[in-house]
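Chemist: Chain by chain, the residues run as shown.
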Amino acid sequence: MAYHESMYFLVFLPVVLIGYQLAPKRVRFGVLLFFSYCFYFLLSHRLIVYLLGATTITYLTGRLVATGEKKRRKTILIVGVWLLLGMLLVMKYSGFFAENVNALFGTINLGLRLPVRRFLLPLGISFYTLSAIGYMADVYWKKIEPEKNIAKLALFLSFFPIIMEGPICMYSDTAETLAKGEDIRSENLIRGYMRIGWGLLKKVVIADRLYVVVQTLFDGYASYHGVMIVVAAVSYTVQLYMEFSGCMDIVIGSAECFGVTLPENFAQPFVSKNASEFWRRWHISLGRWFKTYIFYPVSMSKLTRKWNRFAKKHTSKYIKLMVASAIALFPVWVCNGLWHGANWSYLFYGMYYFVVIMIELMLEPAVKKLCAAWKIAEDAAWWNVLRILKTWVIIFTGELFFRADTLGIGMHMFRSLFHDFSIQKLWDGTLLTLGLGRVEIGIILVSLLIVGVVNHFREQQIDVRGVILQKRLPVRWLVYLALIFVVLIFGAYGPGYQEVDLIYAGF
Amino acid sequence: MQASENKKIEKKKSVNTEIANTKNVRHGIWLRVISFAVVVILLLIASGKLCDPIRLGLQDSVSERERYLLHLLSEPEEMVDVAILGDSESYTLVSTYQLWKEAGIASYIGGQSGQWIGESYFSLKKILKRQSPKVLILETNEFFSRGDASVIKDAAKSAQEFARQMFPILKYHRFWKMEPADPKLQTTIFNGFELRAAVAPYTGGVYMHATDDRTPVTFITRYYLDKIKRLRDAHGTKLLFVTAPSPVNHTMQRHNEVQALADALAVPYLDLNLNTEELGIDWNLDTLDGGDHLNYTGCQKATAYLQRYMQTHYTLPDRRDDVRYEAWNKQAEEFEKLLPQP
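Line by line, the protein sequences give chains F and B.
For what it's worth, this note's numbering labels the leading residue of the first sequence as 1, then goes sequentially.
For what it's worth, this note's numbering labels the leading residue of the second sequence as 1, then goes sequentially.
If you're looking for bench data, these hints aren't it; they were derived computationally from the structure.
Don't take every hint at face value.
What the hints assert, rightly or not - Computed, partial: chain B to chain F, Cβ under 8 Å: (1) I29; (2) L31; (3) V40; (4) I152; (5) N284; (6) T315; (7) D318; (8) R320; (9) R324.
This one's a predicted model, so the numbers in the text were calculated from it and none came from an experiment.
In this text, a Cβ means the ideal position worked out from N, Cα and C, and glycines have one as well.
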């Protein structure tokens with residue numbers, strides 16, 4: 001029962017809503033917890049013990065870390081964090097680690113071999129582990145009070161809309177409203193279901209339809225080159241965005257029905273003018289987590305301070321800033337890459353952004369000087385369009401490596417990009433051999449246009465749903481019906497289509 | 001004094017008006033919710049008519065899985081004497097061509113790959129609107145859940161199937177991209193039977209071991225079997241449970257469960273796994289895929305057995321000379337060309 005399946009939004013969610021509303025206000029969080037655990041159990045069965053274990057560790061660490069002397073509190077925090085991280089590392093990365101150590105032993109002719117074990121990964125472990133670590137750190141830093149009621153903490157970690165794909169919430173974001181047990185309001189319900197419908201359109205009409213093209217191109221990568229590699233990279237990027245952001249719409253819409261506001265995970269990433277901005281607009285909650293719990297602590301660490309003191313005397317401001325940035329950004333991007341999975345291509349993906357962002361930082365003063373010399377206004381439309389296009393190239397290249405099954409395949413595809421770059425393939429019928437007909441490509445393009453227009457309004461801070469709700473009843477109904485029937489008729493689901501799992505649920 | 005009383009009355013009035021307004025607002029919301037739901041349902045029903053593949057003549061374009069059933073549902077009225085339903089075991093068990101050629105029995109397969117008991121019920125309901133089969137053969141492999149299926153999954157499947165039956169748009173929503181299939185395709189099928197001649201031997205030996213244990217079916221299977229029985233009673237169709245020879249799927253535990261169900265529902269039950277020797281099944285030659293399904297030669301043997309059984313137990317007319325079946329005779333001639341020559 002994934003979020004885009006009818007069983008979720010037509011059966012499970014309404015049942016929870018009814019159960020929640022019928023319950024007395026003070027036990028409503030208990031109802032949400034009960035249904036969240038039911039949801040998790042339905043999907044993961046006995047792997048729920050890992051979630052229970054993580055919740056217990058987080059609760060105890062939170063309680064113990066709140067009081068006492070600083071050194072003891074720090075030790076408890078480290079133990080708590082490593083217990084959770086240990087669980088994640090063993091389950092997610094031990095196989096990858098053993099494989100690579102064995103390969104290393106093999107190359108130096110050492111007879112030793114580590115056992116390679118693959119574990120069934122508990123659903124959402126990469127998401128709830130980060131939320132739990134964030135909670136423990138926030139209690140340690142005294143940003144929040146430790147939660148006394150374990151059930152409320154359990155709900156924060158397991159709330160059913162966020163357990164599969166996030167967003168990675170901070171305790172201060174959601175815990176209070178989750179526990180409040182507000183009445184369900186008709187406006188919240190309408191807004192919530194509108195957002196769910198919008199998410200379904202992105203996921204089922206666009207992403208799942210593009211899946212066919214992506215699968216064809218990446219599975220048969222050896223047969224494609226030139227412009228077709230560009231098509232592969234662009235199609236996958238669009239598929240990933242539509243799928244993940246669509247799923248987030250469903251998630252945020254579900255929470256909205258209960259009056260719970262979750263943090264946004266996407267903010268029109270394709271209007272970013274550089275890679276740093278892209279990561280402030282794409283998977284925002286992950287970027288914010290890394291910034292809060294890795295980037296800042298490393299920036300304030302002894303090593304960075306030592307460097308700053310040394311650099312102040314011996315180097316220029318520019319070198320000082322660049323090296324300090326590199327020291328703080330490097331672990332962020334290693335973790336970002338590896339968070340997505342135990343695979344060299346993910347690590348490469350993280351390193352790729354580290355290098356790109358460092359280059360952008362290094363070139364920034366030169367670009368500013370150049371703009372001043374050539375009298376280019378920073379807000380000139382043509383200049384911004386150029387910068388956005390440059391960012392697109394960076395994004396598409398990154399996603400090409402991200403999607404390729406192995407780093408080797410990613411490299412192969414990247415090299416193939418420069419062979420036989422015949423642009424005619426875009427209109428000579430080659431595109432029609434990738435699994436989609438003209439009408440389906442048309443549906444994708446029209447849907448993308450609609451998403452683009454809505455995103456444009458969002459970028460202008462216009463509340464599109466609010467505007468619709470202000471309209472007269474026939475107009476509102478027309479919009480709702482159009483959304484329902486576009487998804488129903490043009491959705492890539494059911495017989496004749498392959499079921500597409502949620503990509504980020506696999507991370 | 002009077003002024004304060006007036007104030008109290010005024011306040012009470014305003015509270016009452018507020019309550020009445022809240023009630024009105026709530027009633028208004030419910031009225032709108034119900035009206036919207038009605039509009040959605042009406043549009044769903046209307047769109048279901050729009051995308052009906054039989055009306056559009058797109059039986060072969062919908063999906064391979066639906067093909068046989070849709071053709072069965074498109075047959076002229078009162079043609080089918082024996083309807084066969086079930087999962088893939090059903091359409092590899094019986095050769096409708098052989099029944100027609102040998103005995104003129106007007107049989108038709110409406111089985112689907114992975115068909116599930118709920119689907120069989122809904123299919124039967126539709127079949128009975130146009131046909132009055134004298135016998136309904138239900139292959140029993142579909143009674144049992146597959147893999148990690150559970151009551152909850154069965155219930156979910158049941159709800160989804162119900163929704164698809166109510167609103168066909170959910171099933172045939174891609175009607176706008178369907179193109180008519182090659183008409184030649186129809187010459188390779190005879191009443192839901194296709195030639196499957198490949199051989200992949202089964203080498204696992206004896207698989208029906210004596211035991212009193214049972215593999216239970218879910219209550220949802222029981223529920224739909226009961227509904228099928230009621231449909232049968234209402235239409236005077238004779239129901240027959242048959243289990244196709246299949247070492248991969250069948251066990252004595254399953255046999256015991258089906259036998260108990262058959263006894264409870266007063267339905268005759270033929271488990272062909274118990275008499276594979278009488279049928280003459282050679283597991284080196286008669287299976288398509290290592291004992292999962294029968295191939296053409298295995299199917300010929302099972303059909304011969306079923307034909308004898310049906311001719312003994314039911315009155316099934318020979319329809320070969322009936323003018324209404326002229327198309328069937330022509331189709332049989334075409335189909336014959338595909339068969340391996342003895």
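Chemist: For the hint on B:R320, just tell me whether its beta-carbon gets within less than 8 Å of chain F.
Modeler: 35 Å, violated
Chemist: For the hint on B:N284, just tell me whether its beta-carbon gets within less than 8 Å of chain F.
Modeler: 36 Å, violated
Chemist: Holds or violated: is there a CB of chain F closer than 8 Å to the CB of B:V40?
Modeler: 7 Å, holds
Chemist: Can the hint on B:T315 be confirmed by a CB-to-CB distance to chain F that is less than 8 Å?
Modeler: 38 Å, violated
Chemist: Minimum Cβ distance from B:I29 to chain F below 8 Å?
Modeler: 5 Å, holds
Chemist: Regarding the hint that B:D318 lies at the interface with chain F, is the smallest CB-CB distance below 8 Å?
Modeler: 37 Å, violated
Chemist: Is the interface hint satisfied for B:L31? The criterion is a beta-carbon contact with chain F at less than 8 Å.
Modeler: 11 Å, violated
Chemist: Given B:I152 was flagged as interface, is its beta-carbon under 8 Å from a beta-carbon of chain F?
Modeler: It holds, given that the least Cβ distance between B:I152 and chain F is near 7 Å, below 8 Å.
Chemist: Going by Cβ atoms only, is B:R324 closer than 8 Å to chain F?
Modeler: This interface hint is violated because 32 Å lies over the 8 Å limit.
Hint compliance for this structure: hints 2, 5, 6, 7, 8, 9 are broken, all remaining hints hold.
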